[in-house]
Amino acid sequence: MKLKKPLADLYNEIRIQEESEPLREKREFLQNDITKYLPEEMQSHDIDLNASDIRIFDQGSYKYHTTIKTSVIDRDVAVVIPLDISEHTDPRKIKKYLKNALSHVSTRTVNIKEPCVNVAYYEDGEEWMHIDLPLYAEYQGNLYLARGREFSDTYSWEPADPDGLNDDLCSQINGNDQLRRVIRFIKKWKYEKYKNSTLSHEIPPSIGITYLVCDHFLKVSTDEGDDDLTAIYQVMSNIKNCFTVSYDIYGNIKADITRCLTVKPYSDIFKKMKDSSDTYCVTFYNRLSDAVKNLRDAINVESEHDAGVYVKNVFGDDFIVPPKNVSSASTFSKKEHGFG
Amino acid sequence: MGEREIVLNILSKYKEISVISTESKKILFTLFNRMYYCIYPLKEEQTGRVCFLVKSDEQYDYPHILSFEDHSDGYSYICLYENDNMIHFLQTYEEKVVDAVERLIALLSLSSIEKELEFQKEFLYYWNNEATNKHSIYLFIKQNRVFQKMNIYNKYISGNLVAWNVISDGIRLNQTTVNKKEWNFCPAVDAFYISITDNRRILPPTHNNIWSKDDILKIIYGKDFSRISHDTYIKLKQTFVKHMYALLVFEMIIEETSVNFSVFVIFRNKEKDTLLNKLTNDISKVEIYSSQRLDYYYLCRQIGNDTSLLNKTALLIGAGSLGSYVGKELVKAGIKNLSVYDSDKLSYENVLRHDTCCLFVGQAKVDALKAELEYIHPEILVKAINENIDEDSLLKEIDNVDIVIFTVGNSDVQLKLNRILKQTHHSPIVIYAWLEAGGSDSHILVIDYKKPGCFECLFTNAMGELVNNKADNVSDERLQTNIIRNGCGATRVAYGNTILLRTTAVLLETVKKIFDGEFETNTLIDINLQEVCDKGTDFVERKCQCCGNRNDRHL
Ligand SMILES: [Zn+2]
Ligand SMILES: [Zn+2]
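In order, the protein sequence lines correspond to chains A and B. Going by the working numbering, the first sequence opens with residue 1, and the numbers climb by one from there. Going by the working numbering, the second sequence opens with residue 1, and the numbers climb by one from there.
Calculated from the structure, these hints are not laboratory results. The beta-carbon is built from N, C-alpha and C at its ideal position, and this holds for glycine as well. The hints are all genuine.
List of simulated lysine to any residue pairs, SDA-like, C-alpha gap at most 20 Å:
(1) K235(B) / P22(A)
(2) K115(B) / D9(A)
(3) K195(A) / S112(B)
(4) K69(A) / R200(B)
(5) K5(A) / K115(B)
(6) K218(B) / P22(A)
(7) K218(B) / R24(A)
(8) K235(B) / R24(A)
(9) K5(A) / E118(B)
(10) K237(B) / S20(A)
(11) K324(A) / C79(B)
(12) K254(A) / S277(A)
(13) K235(B) / E25(A)
(14) K324(A) / T92(B)
(15) K324(A) / I87(B)
(16) K512(B) / L501(B)
(17) K5(A) / L110(B)
Have a look at the derived ranges for each label pair, beta carbon to beta carbon:
(18) G175(A) / S136(B): 49 to 55 Å
(19) P265(A) / D516(B): 57 to 63 Å
(20) C170(A) / T239(B): 32 to 38 Å
(21) K96(A) / N128(B): 55 to 61 Å
(22) N128(B) / P323(A): 26 to 32 Å
(23) K272(B) / R24(A): 21 to 27 Å
(24) T47(B) / P323(A): 19 to 25 Å
(25) G175(A) / V146(B): 25 to 31 Å
(26) R24(A) / N311(B): 31 to 37 Å
(27) T244(A) / K13(B): 46 to 52 Å
(28) Y14(B) / S246(A): 45 to 51 Å
(29) Q302(B) / A120(A): 46 to 52 Å
(30) N85(B) / T198(A): 45 to 51 Å
(31) G175(A) / D231(B): 20 to 26 Å
If you only want the chain A side, here are some residues facing chain B, beta carbon under 7 Å, derived:
(32) W128
(33) D318
(34) I320
Produce the entire structure from the sequences given, and follow the hints as far as they go.
As structure tokens, this is what we get:
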């Protein structure tokens, strides 16, 4: 089987298994502060909230164990409070209260973002970690995500089902190690290809990638164990085939992909990306096509070394290309060793 | 074409390389903005290899460039053939040159992650180069790889500190090698073992990258990801330190091998605090110490011993020639706790086939063997009893051992103890080993008393009658010619020592198989000059008076 060890090494290099201790500590502080200060803050705006009614839980890659190493640690923690949204119709205000509840500590910087409250940590002027806190209101047995920037005109309590989302992805990923690896590999590909992207919505959202991989994954294994190279190739190639590609009269390519959430609000995960610019989806498609081509070439060439060179084009410098053998194979002897 | 022409010709094919000059036996060239020269062998030196040296540069830390080993005029040797898995004799001259150049270019083109791997592979080499300790440090670490406080014992010779023994709780050292009077407990330094579970970004110190407290923080409190387990982290938070000094013994696994390295940490003050707080807030200085891991478990792993033998205990009955060979190989194979019974003394006549030596002549064989074995490694503990084992001792011993091995040349002893073992119902597996006279044939009998068959079966015929040992092959006449009498009935059979080596080798394999659970039945193994023959259960006699079915006996 081709590139088994180099891919295994890459996997060990990119994966984050557990939260780091500084992250754990910051997260625990944050959770404590939410339960301690949010009820006070809400009270000062005449909203009753019991600390024991606040529900805080993991969302995203730390929940599904698909986290990869990135330059800035990024963690999503959901905060759910009971709230009558027919009375408190403006989620921006509630997010503001959450921000206030967390702003008494100087080591963190709290900002309100469109889908969450963002808590960032800086060292020597550089952000090294942020924890995103999507805020949900629980009302009449349903959850609603607080959307809207602090001073934005558009805002809403959007129906949401973070527990359902967690359950859905966990049930697909847990117990399926190759799928989990393939998700991490493809996230690594995305990370490499979008390293220099800074515009919002330019980058395909991770949840979209995760869903697409789950949709198109097929287990590939041989007598020698799981064949991750082929599995990655097949998934990426299948995802590529999901795009609707067309050309306008000038011959310019147009690409479109849609993947709707399987839970509330059942919206298209890629909508924001597509709404922001026509080119984003095309870039996504082109980069994906490039990866598929490299992976296909890697599968088709004979030598491990040459295959490795192609795969390195997909995953970047963290992938170690196996050395090429220069001398005739017969001069190598694995048995040769000193008898110390 | 001469050697130089061949080399030049090959170098010229690489666009990265520009040759500058060709002195007598050196070719000077540049590659990736550095100066190199190449030394090439003569064609007739078939085992020769092509070498490269790079112009030394203090600021240049690169794996496999042996910067301290400055060769002539400030060039450093580049190590290209670390694994020794290449037979240079088989390469053509051209192959040699191309291979070396390709290796050089590959080495110089490493990505940062590949460089890290290469640095890690030679971690201890770099570590020891930067070490500042003058005294030796020996580490005896328990095998479970969990955080632990360790104890330091120091040894002074004429007022100078010469060594530290740093020992995990639970590891006992013998007195033969570690004399308690020479080693004193050292209470002023706390020592801790910290297991690293994720090696990423841990690099050895080099000239331009000396270790500081930040490197320690990266291990214990890594922001990007954890390099120690959460359990270890909690232990760091719970453990208190009240001294100025601490020795941190780290272990990480690199390419499936344990790499242990020690850091001596000096704190700013003696104030008592948790180890975590001390390490994060209070370090004033970090010193690189070289240390040598010496524990028995580690050394067994290094040579590939079967780990199923580790922590097993054996009772060896008989410390004669065979017993001495077997004892020595057992402790080298992983069984470090041994009880040995024998009432004999070592004599000059026996010294060349006993595995001890002349020094011990006149002393009890068990004491000689104890000393000899305990000198092999300080964790080897031999209980030497200068007596023939009796029923009481045997019954006591079998509760504390995992295997019993008979290496006595006396059938009466074996027949008697065989009956006792059969009757106890809680005997561990027993091996009977004996040599026939003549130096060719020997036998090993594996008995699990829960299964049919015992030593007495060998001395029983199909009728249930006692007969002489049926396994033996050598005729009585041949036996007579080999007997040496030295007065009053004492006899010694001249059988040389190759039979000892053969028998010991098979016995050792047998012990491993027993602990690997490979024996399903009791088994007789015949060993002779030509072969090792597994006779299986053929020896079992249904009418054996010891193990046989009582009803069968009267049929
Ligand atoms: Zn080297
Ligand atoms: Zn029997």
